[in-house]
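Undergrad: Assemble the complex: chain R is given as a structure, and chain P must be docked to it using the hints.
If you read the sequences in order, they're chains R and P.
Residue numbering for the first sequence follows my numbering, beginning at 1 and increasing consecutively.
Residue numbering for the second sequence follows my numbering, beginning at 1001 and increasing consecutively.
Keep in mind the hints are simulated off the structure, nothing from the lab.
All C-beta atoms in this analysis are idealised placements derived from N, C-alpha and C, irrespective of residue type, glycine included.
Any given hint might turn out to be false.
Taking beta-carbon pairs under 7 Å as the criterion, some of the chain R residues facing chain P (in silico) [unchecked claim]:
| hint | residue |
| --- | --- |
| 1 | His33 |
| 2 | Met48 |
| 3 | Gly52 |
| 4 | Phe99 |
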Amino acid sequence: KNEVEQSPQNLTAQEGEFITINCSYSVGISALHWLQQHPGGGIVSLFMLSSGKKKHGRLIATINIQEKHSSLHITASHPRDSAVYICAALTYNTDKLIFGTGTRLQVFP
Amino acid sequence: EAQVTQNPRYLITVTGKKLTVTCSQNMNHEYMSWYRQDPGLGLRQIYYSMNVEVTDKGDVPEGYKVSRKEKRNFPLILESPSPNQTSLYFCASSTRQFFSYEQYFGPGTRLTVT
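Bound conformation, chain R alone (with noise of 0.2 Å):
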């Protein structure tokens, strides 16, 4: 079992509609990260969480620590929204990172 497991794998909407992706861990951590990859390949961090929630525009990410589950919401979704998404935790006694496997998304006009 992967320390860090993302759902889904695919994931298509139509626009305007209300995204979730989940992310398990089960290692400790200090911080979990929201990465969003283009579909040019580059990598870009949207949110680092350690607790509670955080929103930037129409993206939402929330953690809950007891549970070891983090959420990205995207509200009123947007064809440029496509990407893949990837969530990785910072483990707290090695500060190392580990990734899920991402979450592609396509949302379509």
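TA: For chain P alone, coordinates are given in the frame of chain R:
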């Protein structure tokens, strides 16, 4: 502008021909790391460095070397590349100061070994 740069961005080479992929950051970050990304496997850590002259193996270090002689640079060296090292490589940096763990990624290097 805060950034991590990698060179080259694309490289096609032949088995056994030594190559170096450079990585440089301008944010005075202590922590730098190399990852490879393969379909279905996600990102995996190759090597990381906590500071100058301090490096350690990640999950998949075989066939790779690194050095950290200066804080800003963290080159990845493939002494004798093989086809199974064909992959997309990312360098990243971060700081641990003030409990900041934000990660900055380079643009990636797509390597093909024939």
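Undergrad: State for each hint whether it applies.
TA: Each hint, compared with the structure:
1. The interface hint given for histidine 33 of chain R is met, as the beta carbon of that residue sits about 6 Å from the closest beta carbon of chain P, less than 7 Å.
2. Because the smallest distance between the Cβ of methionine 48 of chain R and any Cβ of chain P comes to about 5 Å, under 7 Å, the interface hint for this residue holds.
3. Given the 7 Å rule on beta carbons, the hint for glycine 52 of chain R is violated: about 15 Å separates it from the nearest Cβ of chain P.
4. The criterion of a C-beta within 7 Å of any C-beta in chain P is met by phenylalanine 99 of chain R, whose closest approach is roughly 4 Å, and the hint holds.
Of the hints listed earlier, the one the structure fails to meet is number 3.
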